[in-house]
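Q: The residues making up each chain are set out below.
Number of protein chains: 2
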Amino acid sequence: MKIIKPAINVTADHAVVWQDKRLFLLDQRVLPDTEQFIELHTAEETAAAIAEMVVRGAPAIGVTAAYGVVLAAREAFDKSGSEWKQAIEPLLQILEQARPTAVNLSWAIDKMRSYIKALDSKTPEAFLTEKAIVIHQEDIAANRAIGDYGASLIEQDSGIITHCNAGALATGGYGTALGVVRSVHKQGKLKQVFADETRPWLQGARLTAWELVRDNIPVILLADGAAASRMAAGGVDWVVVGSDRIAGNGDVANKIGTFHLILAAKYHGINVMVAAPTSTVDMSLASGNDIPIEERDPQELLACGNKRIAAEGVPAWNPVFDVTPASLVDAIVTEKGIVLEPDAEKMQKHMA
Amino acid sequence: MKIIKPAINVTADHAVVWQDKRLFLLDQRVLPDTEQFIELHTAEETAAAIAEMVVRGAPAIGVTAAYGVVLAAREAFDKSGSEWKQAIEPLLQILEQARPTAVNLSWAIDKMRSYIKALDSKTPEAFLTEKAIVIHQEDIAANRAIGDYGASLIEQDSGIITHCNAGALATGGYGTALGVVRSVHKQGKLKQVFADETRPWLQGARLTAWELVRDNIPVILLADGAAASRMAAGGVDWVVVGSDRIAGNGDVANKIGTFHLILAAKYHGINVMVAAPTSTVDMSLASGNDIPIEERDPQELLACGNKRIAAEGVPAWNPVFDVTPASLVDAIVTEKGIVLEPDAEKMQKHMA
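Chains as they are written, first to last, in my numbering: chain R, 1 to 352; chain P, 1 to 352.
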């Protein structure tokens, strides 16, 4: 990995950049303080960058992994020549294991694997690069479609509350939940966005705030625990969140705290929208109980920066995703359209 | 205010210390990193210490205010001699306005005011000191009674989740919610405590963890947003929290995030106990809508220590209490006993 100081004017659409056959990630660990890119040279480096959350957000992880496969193909070809298809498989597996919850990771790798399988060229790099770029471009297009479908559900002068960052930074560009926010804003229907700060990694305070302030979209930050009070006080019409994996019955895995936010919404009669591309839907899982939930280092909770904030000697539990039952979700919005009151049958039909 | 390095072995019972006619507060702004006391010489200093959260927690604020009235009487008598009763009133008003939500503050000052009114001595200090010590001792006794009443509701091998710090540090000693925890632990019925970290001020991570680790009570820290996942995963039988003000109908104001926690508990069929002395009950308010909710400096949310964590330019909303409707509370426990499924009629009867 190599740190690159940007020569460009960085925007949230630069989460994953492929340029001159090189892969760059905007380093989300250090935003909003520092704008720097990390250049990745190998599949192993790409897997490490995903694990360390240089890049995060299910669709952005998928796009990054697709480019990671290109790097893997380059490595495999350089090392093994015409035997590259055998040599690449262990590298794909390293990529696949970088993080467990976002299904977009294995979705993208499986897609690239199918191209590899079909490929008879002895020089795979150019062809796979083209395919990775298509995956990236299709993600952006999907987000724009999600934005428009989602916005169609939202009325004039709406207040929207979101959790974590499901923005351009979390995707190929434009964003899923924040794609809906952008489309609502563009249509002149947005009154106010409220952003949960999203402990422990503070994606809301660091990333969503950074994205929306730059786009002049009105955003107010809240402690995660203040969302219910905000709803009780009025001005919130919709919860709009992204997802890391949606099970076949419509259960939704998303950033830890989403379940709390949605329970508060249901208590207050507020609508709940989950915005995600179909690459996030995992029809192989019957319910959210089957979604693997990543637990990360308790240090994320015990310290802030390098400073310990918790009392010495206390252990912490740090699951970074939770699962919200489909019964609490009013709409799942993908690039294919809208699933109202999702259940297994409707998801099946939507994905067919 | 004067910073005093402790010569004693500091415990959570030292939140408010009156010794040799001097008032000391354990500085909760800097726990758990630093153990230091702040010595207060005047009512103004006491009000400032309450406002700045050197001391916090509704009952501890009440006890501190009672001693603050002693300091006010000393000042008033030194300055105005026999006219001290006129001179003290503005000082009492400064104390009363230190923080708005915890009713224990005005409760304690009103109680001391009634002693002042009845007093014909020309040297008030000794008498008022005695009364403040009684308020302090009665708070500890109330907490022990609350602990026992609360524990009587809790079964063998129970898991308890708590929010903020309603411990010895938040009271005259022993604690309200953590008083219940201590009694359950003493009776050998406690399996595990889970403590919400409690953004933004991190009372859970800093104070509750500090108290419980020192008492060898098993505690695991959670992000506020992880409590619903913890409940879904099992091992949680009760939510036990304190309160800053309970309205006449049983609505409960407590630290921001409590409402979220209780909504998650009700969804998962988990019992909810609010533990607080009767000095926290404000029968003059018909419902929680009438409870004044303090909003504090957004910096509490935007920064961690001296380091800004949120993106530049984003505003924040920082209400530090929320109100949970009585309908979501299974039991309110005071030193007078237990109110199951609280409502206006039952609260009236309990407080009569």
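Hints may contain errors.
Below, a sample of chain P positions facing chain R; criterion: calculated Cβ distance under 8 angstroms [claimed, not checked]: (1) 188; (2) 213; (3) 215; (4) 217; (5) 227; (6) 230; (7) 234; (8) 259; (9) 263; (10) 301; (11) 304; (12) 307; (13) 309; (14) 313; (15) 314; (16) 317.
Just so you know, these hints were derived from the structure itself, not from any lab. Glycine is no exception: its CB is placed at the ideal position from the N, C-alpha and C atoms.
Q: Determine for every hint whether it applies to the structure shown.
A: For each hint, the structure was consulted:
1. 188: Violated, about 22 angstroms.
2. 213: Result: holds, 4 angstroms to nearest chain R Cβ.
3. 215: violated (11 angstroms)
4. 217: With a minimum Cβ separation of about 11 angstroms from chain R (threshold 8 angstroms), the hint on residue 217 of chain P is violated.
5. 227: holds (7 angstroms)
6. 230: With Cβ-Cβ at 7 angstroms, under 8 angstroms, it holds.
7. 234: This hint is violated: residue 234 of chain P lies away from chain R, its Cβ roughly 13 angstroms from the closest one there, beyond 8 angstroms.
8. 259: Interface hint status for residue 259 of chain P: holds (4 angstroms vs cutoff 8 angstroms).
9. 263: holds (5 angstroms)
10. 301: OK, holds: residue 301 of chain P within 8 angstroms of chain R, min 6 angstroms.
11. 304: This interface hint holds because 4 angstroms falls under the 8 angstroms limit.
12. 307: holds (6 angstroms)
13. 309: Hint on residue 309 of chain P: holds, closest Cβ of chain R at ~6 angstroms, below 8 angstroms.
14. 313: Holds, about 4 angstroms.
15. 314: At 4 angstroms from the nearest chain R Cβ, residue 314 of chain P passes the 8 angstroms test, so the hint holds.
16. 317: Hint on residue 317 of chain P: holds, closest Cβ of chain R at ~5 angstroms, below 8 angstroms.
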